[in-house]
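Just need the whole structure built from these sequences, with the hints factored in.
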Amino acid sequence: MTLARRAWLKAAGASLAASFLAGCDKITENPDVVKALSSAEVLNRRVQRLLGRGALAREFTRADITPNFKANGTINPPDAEYQALVAENFASWKLVVDGLVERPLALSLDQIKALPARTQITRHDCVEGWSCIGEWTGARLGPLIDMAGLKPEARHIVLHCADTLGGAKYYETLDVFDVHHPQTILAYAMNGAPLTVPHGAPLRLRAERYLGYKQAKYLMRLEAVASFDHIRGGQGGYWEDQGYDRYGGI
Amino acid sequence: MSRPQKILVRRHGAVVRVTHWINAISLFFLLLSGLQIFNAHPALYFGQQSHFGQPWFATGAYERGGQLRGVTMIGRQVFDTTGFLGASQEGHVIVSRGFPAWLTIPSHRFLALGRRWHFFFAWVFALNLTLYLATGLISGHLRRDLAPTKSQLAPGHVLHEIWAHMRLKFPKGEEARRYNVLQKGAYLGVVIVLLPVMILSGMTMSPSLDAIFPFLVDLFGGRQSARSIHFITASLVVLFFLVHMVMVVLSGTWNNIRSMITGRYAIEVEPPAAPVGDAP
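Quick note, the sequences are listed as chains A and B, same order. The opening position of the first sequence corresponds to residue 10 in this note's numbering, with each subsequent residue numbered one higher. The opening position of the second sequence corresponds to residue -2 in this note's numbering, with each subsequent residue numbered one higher.
Don't read these hints as lab results, they were simulated from the structure. Just to be clear, a hint being listed does not mean it is correct.
Unchecked claim - Within a straight-line C-alpha distance of at most 20 Å, the following computed SDA-like cross-link-like pairs (lysine to any residue) qualify:
1. A/160 <-> A/108
2. A/44 <-> B/89
3. A/19 <-> B/89
Next comes the structure, spelled out in C-alpha cells:
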C-alpha cells in the first residue's frame, strides 16, 4: 500500500469515527433525553430524604485532617469589591439576610461569631471524585435563620457569593429542609484558624452530606425565596446552571 | 449407524431473558458514563480521603517536544499510553483526558451529563438486578440452574472441565442441558458478588447515602477505597463481558443468541434406537 493511500485511509477512518461520535453526542445531549434522565435526580432526592431525614455525616478526629486540603473553584475572587474587603480584613463586611423573612438582618463577622456555634471534622467530597478531611467551625444556620424568621412560603435559601467564576457570579441554593440540620453551619474557621481566601473567607457554607459545589464560599447575602426560577440561569446554582444536579447528594 | 439429532430445549425463562438484556443495556451506558465521571479526576486512592501525591492508579499528560504524551501510573510503574489513556484524540487534536472520546458519554468532557446518564441507569440496573435475584430465589432458578451440584464440585470434575475448556471442548448431548461448573461459577460470582459489590461501592461514593448507611463506608474502608473498588469491579465486569463474548462465539453464536431471545436452545441427542427388523 502506498503511503499516500495509507494516509488517505487513515484520514477517512478518523473522519468516519468523528462523525459517528458526533452522532452519538446528538443523542446523549438531546434536551428531551437529558430531561428524561434527570427524573432520576428527583427520585434520588426523595428516596434519600425519606431514608435519612436527620442523618449526620460521619465526623472524624484531628488525626484524620489532611495537611493539603484542595481549594477548588474560585481560589481568589477577581472582583474589586471583594478585594477591597480583603484589604480591610473584612472590617465592614456584613452578611445580609433578607427575602421572605420577617426581620431582615445585616450581621458583622463578630455578631456571627457570637451565635450558637459548632465545630465538625468532616469529609469534603468534590463532584470530580476526590475527598479531603478538614475541621470547620461556624455559626449554626438554623438559629441564625430563626433570628430573621422565615415566612411560611419560603422554600429555599439562595446563597449569594462575592466571586465571579467564568464570567458569572457564584451562587447556590439550599432547601429549607437542610436549614436546621445540626451540621449545616456558616463556617468562619478551618482547622482552628480563620478561614483563608482560597477556602472562602470570611464565611462559607458547610452543609455536610452534599458535594463540594453546594458549599458556597465568599458569602455576601442569604435570600429566602419561594422559587429560584427567576435567579440567573434558573437552575438553583452556578454549576446547576451548567447542567449539574441541584440535589448534589451523590 | 445413527447420527445425533438436534432438538430444541427450553433454556431460559422469560424473566431471565428480559432482565439479561436490560442488564446488558444498563451496563453499556453505566460503563461509558462511568468513564466520563472517572475522567473528571483520573486518579484512584485507598482510604477515607485523597492523598493527592500517592494515587495507586492515575493517568495524565505531559508535553514533550511540542507533543502531548499520555502516561498511566499503576503502583510505581509508569507506562506511555498516548492515544488511549492520559492523552488522546478529540476532534482533530490530541488533548489531555483519562479515557478516550470513543469510550465516554458524551465524547467530549462533560461531567454533569455523564452523571445524568450514570445515575439514571444506576436505578434501572439496580432494580433490574433486584428483580432478577428475587424471582431467581422464588422460582428456584438460582438453586436449580446456577448452584453447582455436589458431583460438579468434585475436584476431579472441576479439573476435567478446566482441561476440556482449555481445549475448547464443550459439553454435548444431555450434559449440555445444564450449565457446566465453570459457567455456574462465573454466572453466580457475577450476579451475587461482583454486581452487588459494584452497586454498594457506588452508593458509598454518595455523601448523603454515607450519612444514612454509615456501615457502607466501613465495609469498603473509606470513600476513596470505595471509588477504587467501584473501578476495579467495573473492570472485572468488562473482563467477564469479553470472556462471555468469546465463549458465546466458540460454543455456537446463533444458538446462544436465540436461546437468550426466544428461550430455545438446540442440543444434540442420540436418536432412539432403530426398531429391530427393518421395514420390508
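Status of each hint after checking the structure:
Restraint check for residue 160 of chain A and residue 108 of chain A: satisfied, since their Cα atoms lie roughly 9 Å apart, inside the 20 Å limit. This hinted pair does not check out: residue 44 of chain A and residue 89 of chain B have alpha carbons roughly 30 Å apart, beyond 20 Å. Simply put, residue 19 of chain A and residue 89 of chain B have alpha-carbon atoms about 12 Å apart, close enough for the 20 Å limit, and the pair holds.
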